[in-house]
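Trainee: Residues per chain are reported as follows:
2 protein chains.
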Amino acid sequence: MNIRSNPDTTRPAVTTGSLPSSRKIFATPEAAPDLRVPLREIILSEGAGEPNLPVYDTSGPYTDPAVTIDVNTGLPRNRLAWVKERGGVEEYQGRDIKPEDNGNVGASHAAKAFTAHHTPLRGLDGHKITQLEFARAGIITKEMIYVAERENLGRKQQLERAEAALADGESFGAAVPAFITPEFVRSEIARGRAIIPSNINHAELEPMIIGRNFLTKINANIGNSAVTSSVEEEVDKMVWAIRWGADTVMDLSTGRNIHTTREWILRNSPVPIGTVPIYQALEKCEGDPVKLTWELYKDTLIEQCEQGVDYFTIHAGVRLPYIHLTANRVTGIVSRGGSIMAKWCLAHHKESFLYTHFDEICDLMRKYDVSFSLGDGLRPGSIADANDRAQFAELETLGELTKIAWDKGCQVMIEGPGHVPMHKIKINMDKQLKECGEAPFYTLGPLTTDIAPGYDHITSGIGAAMIGWFGCAMLCYVTPKEHLGLPDRNDVKVGVITYKIAAHASDLAKGHPAAQLRDDALSRARFDFRWQDQFSLGLDPETAKNFHDETLPKEAHKVAHFCSMCGPKFCSMKITQDVRDYAATLNDPTGIGTSMSGTIEDGMAQMSAKFKEMGESLYLDADKVKESNRVL
Amino acid sequence: MNIRSNPDTTRPAVTTGSLPSSRKIFATPEAAPDLRVPLREIILSEGAGEPNLPVYDTSGPYTDPAVTIDVNTGLPRNRLAWVKERGGVEEYQGRDIKPEDNGNVGASHAAKAFTAHHTPLRGLDGHKITQLEFARAGIITKEMIYVAERENLGRKQQLERAEAALADGESFGAAVPAFITPEFVRSEIARGRAIIPSNINHAELEPMIIGRNFLTKINANIGNSAVTSSVEEEVDKMVWAIRWGADTVMDLSTGRNIHTTREWILRNSPVPIGTVPIYQALEKCEGDPVKLTWELYKDTLIEQCEQGVDYFTIHAGVRLPYIHLTANRVTGIVSRGGSIMAKWCLAHHKESFLYTHFDEICDLMRKYDVSFSLGDGLRPGSIADANDRAQFAELETLGELTKIAWDKGCQVMIEGPGHVPMHKIKINMDKQLKECGEAPFYTLGPLTTDIAPGYDHITSGIGAAMIGWFGCAMLCYVTPKEHLGLPDRNDVKVGVITYKIAAHASDLAKGHPAAQLRDDALSRARFDFRWQDQFSLGLDPETAKNFHDETLPKEAHKVAHFCSMCGPKFCSMKITQDVRDYAATLNDPTGIGTSMSGTIEDGMAQMSAKFKEMGESLYLDADKVKESNRVL
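Going down the list, the sequences are from chains C and X. Take 36 as the starting number for the first sequence in the numbering used here and just add one per residue. Take 36 as the starting number for the second sequence in the numbering used here and just add one per residue.
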């Protein structure tokens, strides 16, 4: 059902329509019956013998058949009313768009401007604006109610149905509750342990939350560069990324048309959009870091605040005294933002203006509730450079800046590495929690080895799953093209699916109360040879079905009780049914029953009691699991 | 340079020729100058400023331009002389091939027989035959010398060149030495902590070692089934798998032509071949597990011992009293061998004949030095079933059987799960080490979530990297087709590369003394914009180059100092060079030098001393890393 919209060349074509065997449903929170919180219901086959499974839905209106998508007008701006009704904001004549905002692009190369213009809002002095400010004041916003409902996924009904004790994970000090309430959301935001990135000017947003006590999230990076790609491709990539599960999207565009590209993306995005404002600031001074000024940077922040960017990566921890610490590295400074600031600091022999003007940055971002994503400009770019003094010096500074931003009322998360071998991942996570007061960690990978260009979604998926388990709140995807080129549509999908795997594996290991419900539903489908349900419940139903059909394409095979690995007469799952029949005879109090061989021997009656006793220790308890990881 | 051989349809076509930028070199061990131990030398570009990098080479003569490959005659049988010269073996008239060995295939469906016939060898009573027996007697075999040289990879010369302290891993009690000596190999085999799977009848073998104190190995499964694929495809898959790095290959064929397929594979395989003999035994009784007998099974073992199979998966731990423990599982028994034996046990209500005849199995396998791979027939097939009583009851029995096999002089490794969430992986590894006296663990994955059919190379690559770190010796690959169909050529490659990543990430984290050399070489190439070297040093040079060329195809771009992500004027690595220039001025004792801005301010001279002091704590020491993981 992947319909690409009208291929009218004047507007980007995007993919719409439901995912396979899925329909959009909406939950209505008790605390705010006017809200409609989207879920995706995976529809199981008629004979499944179990209810459909609701799952988290990042895809926005694009998968809602009731909504007509027109990227020229953008998504409905429902959230505008939420912001206005709580007050404390004003509409004002925003900053004029200047030629330099689009890299002084000439008419022949200019992208088509987004048609509609929305007057920006900003916070008024003396009023609460940010989610953090409301949370601290004990006020539960609609955004908080929305995300609480969204995180629960109908968890209560599902858990009541599930028989086994599901949550035996090891969370390393996280505190994931059985059910998410709006009050829990508020309290986590108030203490800085979670954020809802939600610029008051991003009215198209379906709010989501980032924090270690919520579902592990993933981010997808898109963006054109000076060398390749177009506005159309980037809007399509955003829609494509959220279709497969990206929770937030970063627009890392460089080159020309940077303002216009971002406008198209924001007006069509139901997920938070992050940017690295220094990239655009640099475009405004012909790519020469030495020419950067605080005024130019500040003007860029205002431009992006007014557009509705939800979080800014700001590399304010790249301080002059740390720069020389990278000199002996194998790969020096690999963060673009970090290297720009390093060059500026060196050229002027001055402390970074991001650091010296940090207070002003906070004051500005607070007015729009733009969240900080404090950038790790000195992150390691190779295994050799992991966890070195440069990286950790910056992280300590990010901790210092976190407290300043919190004092100013701003929401904060912290960016992390990079390239880190497995044995150095936990020290990173632990240090981040300690230095930054449990502000959400948002990591790129980490890549656990450098030797597989072309497969860095996998080298990093390993590290991402581990750091998510250890406490990371959001995982920034890495695509197969990492280090080699810009990701295309297919790379975006592979990156997103890989990171959905990592995030879900993290949730399982942490002991998220409802994470295993999907695994169990899929495994039951697998065991029952409900092929279609197995595809539908997977992260990528299309690929699973295509792979299956390569060897067993016939429709009849999808209900066949065998698969291509074993063939029809030789199937382990079929044999297992016999085991169940046998076990049933063991539980037969008469001791008679019918075994596979037709009769049960005399000794069986006595053994039955012993078997029952052994069965009671069927599952190792959670304590043993925790003990194993503590020893580790 | 991938030349597929003469497409003569009477013989399988296989891929030959060097890997990109590579050449086959041979090391000559001091202890046995007649041996030629293959390595792959990765040839760096002229301006690299560093020597070529030798890496482990599993690909056999297929990548040696000096060897003419003819799969009809098979590989040179060099190892025959080694076996004969140490004596204790006899040639004898082997078992006749029977129609049932190939599933009573009719003439119209019979695969072409392998032409050459080799008279089998077997051990004589009262003589040492197995590597374990020689090792215990203090005798260092040629196989031991060979693998010692192979594992070292010219490590000594390389480590002398490397400046940093490389090995700061956490090995959880492993004991990886700085250099591998033949005596170390002998001692590890003598205590059962490593094996060299090496049937005396597999004379084409290039020996390799499996043990937690050696490089982490990977296995690739191939094999036709009753439903699909052919002999030709399977031989090609074997050659293809070892080309990309498979250390051993299991032939899991079922259906017809099973004997002939295996003969083609063995005669053309330089790596150890493993099988699951019960699969073939079952074919001999029309696929009905109830009709299996010890005699039929034993006859199959002899058949495969004479052919030269190097290790047998034997599910002797699936005991009658454990079977009912699987009844309440979500996915019951998912191991084919396990379910066959379970059905047999139930049908006859008898203890497994593999368990009751285990002594005889040992006596037979010892005569050919076939290694045990004690199968985990009750491994979990879903997250819900991980670490349950059924799995661990079987593992305890495998520990008991390990000791029996050792007493009989047999080499042993132990198979492991399966589907296991991250937080339950370490308890598996720890229990295996304890129950099985550190016999090498050989695990399938484990898959860390069930929700991604089509991507199970990734769900399992995460678990594989972790269990390898924790002490697993060999990782059995999982391909994208897992649960969906038989892997084709491309799936085999993706599976192998994914598992090379997992194995290498494990080696890095364990602190293998030389593992990081390749990461560092690749990262230096990346930092220097030596694109071709970056491709050459990667696990899959072709894919990396193709990905790069999609956006920057021109030859000139491969020496350009920028990439498609950042564009020419905006490159972090270029900026980093400026940092180095700057840092050099800090180390200038005159305090003058030249900074980016042209002059150094007065304060700089004082700061220089402070910076130097900070630089000394550049790298966190290994103790801190270890401490972090202990807390975990």
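One or more hints might be untrue.
The list treats identical chains as interchangeable, and a pair is accepted whether it falls inside one copy or across any two copies.
What the hints assert, rightly or not - Derived lysine to any residue pairs resembling SDA-like cross-links, with alpha carbons at most 25 angstroms apart:
id	residue 1	residue 2
1	Lys-133	Asp-616
2	Lys-385	Asn-87
3	Lys-333	Gln-193
4	Lys-333	Asn-113
5	Lys-469	Ala-210
6	Lys-326	Ala-618
7	Lys-326	Asp-616
8	Lys-147	Gly-123
9	Lys-163	Cys-320
10	Lys-466	Glu-81
11	Lys-191	Asn-363
12	Lys-147	Arg-424
13	Lys-133	Gly-122
14	Lys-385	Ala-619
15	Lys-466	Thr-216
16	Lys-469	Pro-68
17	Lys-469	Glu-76
18	Lys-326	Ala-619
19	Lys-163	Asp-334
If you are wondering where the hints come from, they were derived from the structure by calculation, not from laboratory data.
Trainee: So, for every hint listed, does it hold in this structure?
Mentor: The hints, checked one at a time:
no. : hint                : in the structure
1   : Lys-133 <-> Asp-616 : neither (76 angstroms within a copy, 37 angstroms between copies)
2   : Lys-385 <-> Asn-87  : neither (60 angstroms within a copy, 42 angstroms between copies)
3   : Lys-333 <-> Gln-193 : neither (49 angstroms within a copy, 50 angstroms between copies)
4   : Lys-333 <-> Asn-113 : neither (29 angstroms within a copy, 73 angstroms between copies)
5   : Lys-469 <-> Ala-210 : within (16 angstroms within a copy, 33 angstroms between copies)
6   : Lys-326 <-> Ala-618 : between (77 angstroms within a copy, 22 angstroms between copies)
7   : Lys-326 <-> Asp-616 : between (78 angstroms within a copy, 20 angstroms between copies)
8   : Lys-147 <-> Gly-123 : neither (34 angstroms within a copy, 83 angstroms between copies)
9   : Lys-163 <-> Cys-320 : neither (35 angstroms within a copy, 78 angstroms between copies)
10  : Lys-466 <-> Glu-81  : neither (50 angstroms within a copy, 42 angstroms between copies)
11  : Lys-191 <-> Asn-363 : between (54 angstroms within a copy, 24 angstroms between copies)
12  : Lys-147 <-> Arg-424 : neither (46 angstroms within a copy, 64 angstroms between copies)
13  : Lys-133 <-> Gly-122 : neither (30 angstroms within a copy, 88 angstroms between copies)
14  : Lys-385 <-> Ala-619 : between (78 angstroms within a copy, 18 angstroms between copies)
15  : Lys-466 <-> Thr-216 : neither (29 angstroms within a copy, 40 angstroms between copies)
16  : Lys-469 <-> Pro-68  : neither (39 angstroms within a copy, 57 angstroms between copies)
17  : Lys-469 <-> Glu-76  : neither (39 angstroms within a copy, 45 angstroms between copies)
18  : Lys-326 <-> Ala-619 : between (79 angstroms within a copy, 24 angstroms between copies)
19  : Lys-163 <-> Asp-334 : within (24 angstroms within a copy, 82 angstroms between copies)
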